[in-house]
Amino acid sequence: MQAPIEYYLVLSAVLFAIGVAGVVIRRDVIVILMSIELMLNAVNLTFIAFSRFMGSVEGQVIVFFVMTVAAAEAVVGLAIVISVFRFRQTLDPRDMQLLKW
Amino acid sequence: MIVFFILAFLTLLFSLLVVTQRNVVHSAMALAATLFVMAVLFLTLDAPMLGVLQILVYAGAIMILILFVIMLLNPLSIEARPAAWWMLGSLGAAALCLQLAALVHRPAVSAEAAVPASFGGPESIAQSLFTDFALPFGLASVLLLVAIIGAVALAQRQR
Amino acid sequence: MTTNLLRWIPLLPLAAAVLNVFFGGRWGKRFAGILASAAVFGSFLIALRVFMLLSPDAVLRDTLYTWIESEPFKAQVSFQADALTAVMLLVITGIGFLIHLYSTGYMAHDEGEARFFAYLNLFVFFMSVLVLADNLLLFFVGWEGVGLCSFLLIGFWYEDPANTTAGNKAFIVNRIGDFAFLLGMLLLFWEMNRLGVPSLDFAALKDAAARIAPDTAVLITLLFFIGATGKSAQIPLYVWLPDAMAGPTPVSALIHAATMVTAGVYLTARLNFLFVLAPYTLSLIAIIGAATALFAGTIAVAQNDIKRVLAYSTVSQLGYMFLAAGVGAFSAAVFHLFTHAFFKACLFLGAGSVIHAMGGEQDMRKMGGLRRRLPATYWTYLIAGLALAGIPPTAGFFSKDRILLEAYASPHGSLALWLVGWITAGLTAFYMFRQLFLVFHGTSRAPESVQAHVHESPAAMTIPLIVLALGSIAAGWLALPSRDVWDPWLQAVLGRSNPAEHGEAVNETLLVALTVGIALVGIAAAYFLYGRERRVREDGPLWGTLAQKYYIDELYDFLFVRPFTAAANWLARAFDPGIIDGAVNGVAGLVRGISASGRRLQSGNVQHYLFAFLIGTILIFVYWLRR
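Top to bottom, those sequences are chains S, R and W. Per the numbering used here, residue 798 is the first one in the first sequence, and the count goes up by one each step. Per the numbering used here, residue -7 is the first one in the second sequence, and the count goes up by one each step. Per the numbering used here, residue 12 is the first one in the third sequence, and the count goes up by one each step.
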């Protein structure tokens, strides 16, 4: 028997919150990037759940685009991480705070 | 239903591990596991094509990229865990979670729609992708190209 | 009727001015003057052509481009020429050309000749824009432009601080008038907008004039008149004109006698349809005009500087023009403007010739006996002097008589106005011939060294003098009682004015005889007192008061200049650093204090920002769900 849509949505919400927690709490840029991937996946899950329950394939197409963007974001993000690490020898966001008064 | 609960439990477990593991490599492995389990969740929602893509793109390409970077930079230091900051962040996230869950009280759809057997297969997605979403599809390819160029430009060793 | 002739009248002098500014120094001084004169002569020819094209009720139009378009208001750079404009154009370009010609001789020894001619041409440009403008905004451009040129030319010899001070004075006093003019224009536009005709075109104004509320019309015309008193040197803003004599003499002739100072008269004539709506303003104009005429006439009696006498005389004659305008006789005002331009330009240029001959000396007490040494200057000066005094058959006789007639007989006129004008006529004759006798008759009082090189001016200077002297005689014949071509020409623009038709019955012959009589008395008195040698001691309290110009400059200095300077000083020394800077610095300090604490929020740590973002999101959700 298929689980009702609310279950998927709640699961997605919890997953998203975990991602948010990771972004806010962790002090490693790579882990922050990974947490962002978690959040993106949570949203993907919502899209697919709605797509299934509304019988429309368009939700899945959107997820396809989200994956594309996520891939691009991960590539650029990691390139930035490499570049920053090369200059500062650190991955701690607290050490990257030049952008203030 | 049982399958869903098992999968949901595994997803939450691994995703929590992503956030809580102090070793970056462990976090990355937990993320890979999460993505795998989510691919299975996609399958239960009649999205076989996306499930496969999830494994190929996410669990495959992106995870390998992340691991590669970790290996390349080799940050050995294990980060500290200031309790106050963790509490604060967790509380914030929990509040957000509650708020989001509260939204679920008003479901837009209740019953499952009847779908053809080919739903979520490559053909049905391609149908939509190459007709209604042709322009965004093209734009997405441009975005990827720009991302590639940007990544090369950023990560290139400066002269 | 449209034509594209009109635009060339201002554009030729403008082009010459630009060329002289950039290349004048390179071409040599001679060529700068020739170019400038040629440009104005070209404008004169075009003005003649325009004059021939016109009939009394025709209007030529020439639209260049749209200047301001702000629906529903629209202002175009557009020229119009009607009968009045044509007269003004002929005066400006014709007399302007003669004065340019004269200047080529007069300024020949000056270093800044190219600059001088550039300014002079620029002036002709602005002045023709002023008379050609078909809307008030463009008119205002010309109005301000001639003021600027006046300022530049008064301070032309800027090495002497006195000259620049005079230039500043002219500019500042004019600004007061211009401010009133601007207010009047805005009020007029406001009123026109209320009437549903948001336009400042003269044609539209004329059509809508009858619907303007009477009280507003009084206020508008009063403001315009204050503007006119600034430009045309009437009480109380006349003080700048005598000081303006600091400029080169041709400038005094062109700008401060013949053309620019008549802009105020032109304004009242151009807007006569507005002024006739406001009888209160008209009577005020008449009173101010008459008072100025008398007042300046008395001052002119006691001046010793050859140019200052003429300057006060100009103020006085402008008073006559306003007197005429004030009694509703705009045509007579413009007629006097026209004839006055000839003889006053001639007088100034003659004075310039004298000064030139005397090596820069301007004090009449050190002149005398120049009659034989400067025959051409003397005879032209005599003719122009007779014209100014109003002796028949010179031009001044016709125009002044007409004004006095109107002052008495027009429905707005009165015996008192006539009496003031009549006395002034006597004074005019007296001071004019006092000057003539002091300068040209008797024995020379100049030192030997100066006398040695007294010489008649070159032909470039005497020819304009002769032409102007002929004009001083003939210009009046346009309005011979038997064959009047002047009034019919301007009737369509300025309305009818014929005292014989609507005024009380007057004995014209008697009035004319009285006027000529007092003028002759004035000349006789001058001859008696100054004819062969000076027979009067010029001292005593009355003479002193007159010589010191009634201490008006001192009064203004005490009433306005000192308080304003003191206030400005206080503002600069105490108010500005204390209050203004204090306020600015205080605000800056406050902001700095707040931001010093506020910048702690900006830690630069991305995660702090993200956390703030998270809190914000939660709050929005809370609000959204509880709504």
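To be clear, the hints were calculated from the coordinates, so they are not data collected in a lab. A hint or two may mislead.
Unchecked claim - Selected chain S positions facing chain R (Cβ under 10 Å, derived; list incomplete):
| # | residue |
| --- | --- |
| 1 | Val807 |
| 2 | Ala814 |
| 3 | Arg824 |
| 4 | Glu870 |
Said to hold, decoys possible - Have a look at the derived ranges for each label pair, beta carbon to beta carbon:
| # | chain 1 | residue 1 | chain 2 | residue 2 | range |
| --- | --- | --- | --- | --- | --- |
| 5 | W | Tyr620 | R | Ala76 | 41 to 51 Å |
| 6 | R | Asp124 | W | Trp201 | 57 to 67 Å |
| 7 | W | Tyr620 | R | Ala72 | 15 to 25 Å |
| 8 | R | Ala94 | S | Met893 | 45 to 55 Å |
| 9 | W | Leu582 | R | Leu83 | 22 to 32 Å |
| 10 | W | Leu582 | R | Ala76 | 51 to 61 Å |
| 11 | S | Met851 | W | Pro83 | 47 to 57 Å |
| 12 | S | Arg883 | W | Val602 | 33 to 43 Å |
| 13 | R | Arg73 | W | Ala623 | 18 to 28 Å |
| 14 | W | Arg638 | R | Ala86 | 20 to 30 Å |
| 15 | R | Gly52 | S | Met893 | 48 to 58 Å |
| 16 | S | Met851 | R | Gln148 | 37 to 47 Å |
| 17 | S | Met851 | R | Ala86 | 26 to 36 Å |
What the hints assert, rightly or not - Derived coverage of chain W by chain S (criterion: at least 3 residues anywhere in the stretch with Cβ under 8 Å from a Cβ of chain S; other residues may be distant):
| # | segment |
| --- | --- |
| 18 | 449 to 459 |
| 19 | 618 to 626 |
Keep in mind it's a predicted model, so treat the numbers as computed, not measured. Where a beta carbon is used, it is the ideal one built from N, C-alpha and C, also for glycine.
Practice task
Starting from the hint list further up, note which numbers the structure goes against and sort them upward.
Solution key: Violated hints (numbers, rising): 5, 8, 9, 15 and 18; every other hint is consistent with the structure.
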